[in-house]
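Work the whole structure out from these sequences, hints included.
The listed protein sequences derive, respectively, from chains A, B, C and D. Each residue of the first sequence is one higher than the one before, counting from 158 in the working numbering. Each residue of the second sequence is one higher than the one before, counting from 149 in the working numbering. Each residue of the third sequence is one higher than the one before, counting from 57 in the working numbering. Each residue of the fourth sequence is one higher than the one before, counting from -18 in the working numbering.
Please keep in mind that the hints were generated in silico from the structure rather than gathered at the bench. A couple of the hints might just be wrong.
[Said to hold, decoys possible] List time: in silico DSSO-like cross-link candidates among lysine-lysine, alpha-carbon distance up to 30 Å:
{"no.": "1", "chain 1": "D", "residue 1": "K13", "chain 2": "B", "residue 2": "K237"}
{"no.": "2", "chain 1": "C", "residue 1": "K87", "chain 2": "B", "residue 2": "K237"}
{"no.": "3", "chain 1": "D", "residue 1": "K41", "chain 2": "A", "residue 2": "K183"}
{"no.": "4", "chain 1": "B", "residue 1": "K237", "chain 2": "B", "residue 2": "K223"}
{"no.": "5", "chain 1": "B", "residue 1": "K344", "chain 2": "B", "residue 2": "K272"}
{"no.": "6", "chain 1": "B", "residue 1": "K523", "chain 2": "D", "residue 2": "K13"}
{"no.": "7", "chain 1": "B", "residue 1": "K336", "chain 2": "D", "residue 2": "K71"}
{"no.": "8", "chain 1": "C", "residue 1": "K87", "chain 2": "A", "residue 2": "K183"}
{"no.": "9", "chain 1": "A", "residue 1": "K253", "chain 2": "C", "residue 2": "K149"}
{"no.": "10", "chain 1": "A", "residue 1": "K253", "chain 2": "A", "residue 2": "K183"}
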Amino acid sequence: MTIDDILFHAFAFVAVISALLVIFNKNPVYSALFLALCMSVLGAMFFTLNAYFVAVAQITVYAGAVMVLFVMVVMLFDLKRESEEILKFSPVTTAKVLAAALLCGFLVGTSWLGVTAVKDHLAGQVAPGTLSADLEKPIDGKIPKSIISLSAEDSDESTIKATPEEARELLNKMGGNPNPDEDLTAAEDAKLVEKATATESKGEPIEEFGSTVTLSRALFSKFVFAFEAVSALLLVAIVGAVALARSKGGTHHVG
Amino acid sequence: MSGWAKLWIGTDMGNGLLEIIVNTIKIALIFFAVVSTVPLLVWVERRGSAFMQNRLGPNRVGPLGLLQLAADAVKFIFKEPFVPDAADKVLYFMAPAMCLLPAMLTFAAIPLSTPFTVMGHTFKMQVADINVGIIYIFAVASLGVYGILAAGWSSANKYSLLGALRASSQMISYEVAMGLSIIGILMKYKTFDLTKMIWAQTGPFNFIWQGHIIQPLSWLPNWGIFFQPLAFILFFTAGFAETNRLPFDLPEGEAELVAGYHTEYGGFKFNMFFMGEYGHMMTSSALITILFFGGYALPWSGGGPVQVQEFWMSHSSWLSQVIPLATGEAASVLAMLTHLICFSIKMGFFLFVYIWVRWTLPRFRYDQLMDLGWKTMLPWSLANLGATTALLFFARYNPL
Amino acid sequence: MATVMHVGLNHYLVLSALLFSIGVLGVLLRKNAIVILMSIELMLNAVNLDFVAFSKYSGNIDGQAMVFFVMTIAAAEAAVGLAIAVAVFKRFKEVNISYFEKLKG
Amino acid sequence: MLQQLAPILVLIAIVVIFAVVAIFLTSLSGPKKNPSAAKQMPYECGVPGISVKTTKFPVKFYLTAILFILFDIEVIFLYPWAIVYTDLLKKSPFIFIEMVIFMVILTFGLFYVWMGQALDWD
Chain A
158 MTIDDILFHA
168 FAFVAVISAL
178 LVIFNKNPVY
188 SALFLALCMS
198 VLGAMFFTLN
208 AYFVAVAQIT
218 VYAGAVMVLF
228 VMVVMLFDLK
238 RESEEILKFS
248 PVTTAKVLAA
258 ALLCGFLVGT
268 SWLGVTAVKD
278 HLAGQVAPGT
288 LSADLEKPID
298 GKIPKSIISL
308 SAEDSDESTI
318 KATPEEAREL
328 LNKMGGNPNP
338 DEDLTAAEDA
348 KLVEKATATE
358 SKGEPIEEFG
368 STVTLSRALF
378 SKFVFAFEAV
388 SALLLVAIVG
398 AVALARSKGG
408 THHVG
Chain B
149 MSGWAKLWIG
159 TDMGNGLLEI
169 IVNTIKIALI
179 FFAVVSTVPL
189 LVWVERRGSA
199 FMQNRLGPNR
209 VGPLGLLQLA
219 ADAVKFIFKE
229 PFVPDAADKV
239 LYFMAPAMCL
249 LPAMLTFAAI
259 PLSTPFTVMG
269 HTFKMQVADI
279 NVGIIYIFAV
289 ASLGVYGILA
299 AGWSSANKYS
309 LLGALRASSQ
319 MISYEVAMGL
329 SIIGILMKYK
339 TFDLTKMIWA
349 QTGPFNFIWQ
359 GHIIQPLSWL
369 PNWGIFFQPL
379 AFILFFTAGF
389 AETNRLPFDL
399 PEGEAELVAG
409 YHTEYGGFKF
419 NMFFMGEYGH
429 MMTSSALITI
439 LFFGGYALPW
449 SGGGPVQVQE
459 FWMSHSSWLS
469 QVIPLATGEA
479 ASVLAMLTHL
489 ICFSIKMGFF
499 LFVYIWVRWT
509 LPRFRYDQLM
519 DLGWKTMLPW
529 SLANLGATTA
539 LLFFARYNPL
Chain C
57 MATVMHVGLN
67 HYLVLSALLF
77 SIGVLGVLLR
87 KNAIVILMSI
97 ELMLNAVNLD
107 FVAFSKYSGN
117 IDGQAMVFFV
127 MTIAAAEAAV
137 GLAIAVAVFK
147 RFKEVNISYF
157 EKLKG
Chain D
-18 MLQQLAPILV
-8 LIAIVVIFAV
2 VAIFLTSLSG
12 PKKNPSAAKQ
22 MPYECGVPGI
32 SVKTTKFPVK
42 FYLTAILFIL
52 FDIEVIFLYP
62 WAIVYTDLLK
72 KSPFIFIEMV
82 IFMVILTFGL
92 FYVWMGQALD
102 WD
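Dropping the structure here:
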């Protein structure tokens, strides 16, 4: 057992306990604070998964912004502790708990069995871009820098040849190519080959998987439509929130 | 080696039991260094303010009133442990720690100096070398709001709650402007790593225009402030608001809100809020130094830290005779000390400016403060971002 | 035991499933609209964990990119959801979910 | 993996231990607790307290928080963009144009908020 394993179990324990406290605490202020804790722990877990920027973004956005809003609203309302029991014994409550447990069972079962099945299926035939055959071992892909960096200006003469398919595949995998399905011209193909092979022969400094640069390249090329859609979503949310907050309050009338 | 120590091998805590122990001690030392700088800053603050207002300040206890710090500490420790009846007990006790922790965690990512090597073991002058350093600092700093909100709410006092709400609203308002203001400089450095930022600022002032390196004023250091002066002003101003210091100390406006969110706190618990505030102040001074003033690198030193290391390589034979160290190791230790002093001077200057401004400017009104954040700083940082983007577009985009 | 304790993709998926189910349970059990919104945030977080874990174990960065979009949606949902909750609170002095039945267009 | 996180965890442990020990020890070192009805009341500058808490707070506080979330997301998208901007610009102006569109849409949101007086404190 390595420290990674120990930490995963520690983080998982804290995350699950704080998640349970979110829903079973009668005081909404504590619920919100425990949710912030849960989100921070998940952020730390992302850090151990090499998703550095995602981890800090998770803490900034969820723990630092969204949950602050929740805490502020709960404190402003000055909601009292709920007097009603959350888990009182009744057929409806039992059904609810059973439904959630069943959902949990399904999710755990499918993910556990599914991963094992994929593992068995892929044993021996590793295809790049698919799940790695041995799912106990994460792909800590060390990716040559000049494959990621499309702007690498110099490309020396190559000794080892990579096929255009391989080069393109590597680029697609990193999200470096804005249009993975687009047919490249012969000249562009040649360039890709050059780049891929130049790296192999030169042994340049390598970039770690999950680096922010790789992520940004994917975010602003492959996901450009989603990125622009985000701006529209935020605009709508701004307008909606302002309109709602400025309204005199309430809906129409008490029924 | 015990099993527990073995687990840490391969992490940034070092390789081997010795390095792990030394690194743990180093982390504790940096923490206590930050904590013990607080009374010193308080002393500077009180003496400095007295000097500015033509008073004497604390001058009775010890030389120059320096022992006043010890007297204050003793008083903090021997106060009656007081808890208001209506308080939410758990949060009331946790809130000071929730304020202190983010302040200390942000300082952890600050590179204080170059790494040094002793007996073949290399140690970094930094608690954690995080490759997304600057965003990490912003992320953790934004968690500081919880301590304030928790303190205000758990005290069950309306002054506390209103003070906490004011403080948190103000902090989040200025966080946006703060985040936006540094994007221009990030475009230039192309990294989130604080050490790489320092290295990007070595050498003389230069920039790239259409593929050519232009060096108009070679006597200027290559510091960020010369590229982004407006960003510096915005960042510095936002720093005051983030630390809730004058002229932005509305949360603690004595006339209206008593002492703000820590009205109901006393003794050591109050002291921890204080440590948190000064910790944030130190982190923000250190960040300004790193982003805009070349960090620990000496200005006009040519190749920066490399040059300093080489200088000590040829001038450190005397140290090798005093203590048994290889020349390279002695040079690395001396270079580390040089850079540490350089960093302390730069950071100390900004800490002094914080104190200076506090006793110079009057307090804003709350609506003026929010207007400044949303209607002045935010548009200006957006304008700065737009101008930088456009300028870089013309400088770098070459359709040919 | 050794294989169970050795962390692989399975572990992240199971943890994510647990958190998601806890979120679902919160939505089902609680009456307080704000706690229900929190439970939804919890479910979105569980999905984020899945995305990042898959990204790591398949060597594909796309999963991490998706997290940003989930985050945006979660933030927009929280902003608008809480604005509605505040509007309801101002009217009824409580944020019980049953009051939302009285909403009219 | 965890290389960079390890020192942070150690620091968290140190700070938490420091806080717990300090608060615990100072609660022992101080004079005996000597509560009185007046002392245990919420502090009201000396006059007898009227209410424990007030529930009337301006809407502005949480409206600020809502706007903060939305602009924070914008900033989070700008960070990764900033570090690849100049590199990708060498190849095509695409990276410039996409951010211009993004920012124009969001600046429109800021304009709406401003015109709608949501940023005014009165």
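Status of the hints after comparison with the structure:
no., hint, in the structure
1, D:K13 with B:K237, "holds, 18 Å"
2, C:K87 with B:K237, "holds, 26 Å"
3, D:K41 with A:K183, "holds, 27 Å"
4, B:K237 with B:K223, "holds, 23 Å"
5, B:K344 with B:K272, "holds, 14 Å"
6, B:K523 with D:K13, "violated, 52 Å"
7, B:K336 with D:K71, "holds, 14 Å"
8, C:K87 with A:K183, "holds, 11 Å"
9, A:K253 with C:K149, "holds, 27 Å"
10, A:K253 with A:K183, "holds, 18 Å"
Hint compliance for this structure: hint 6 alone is broken.
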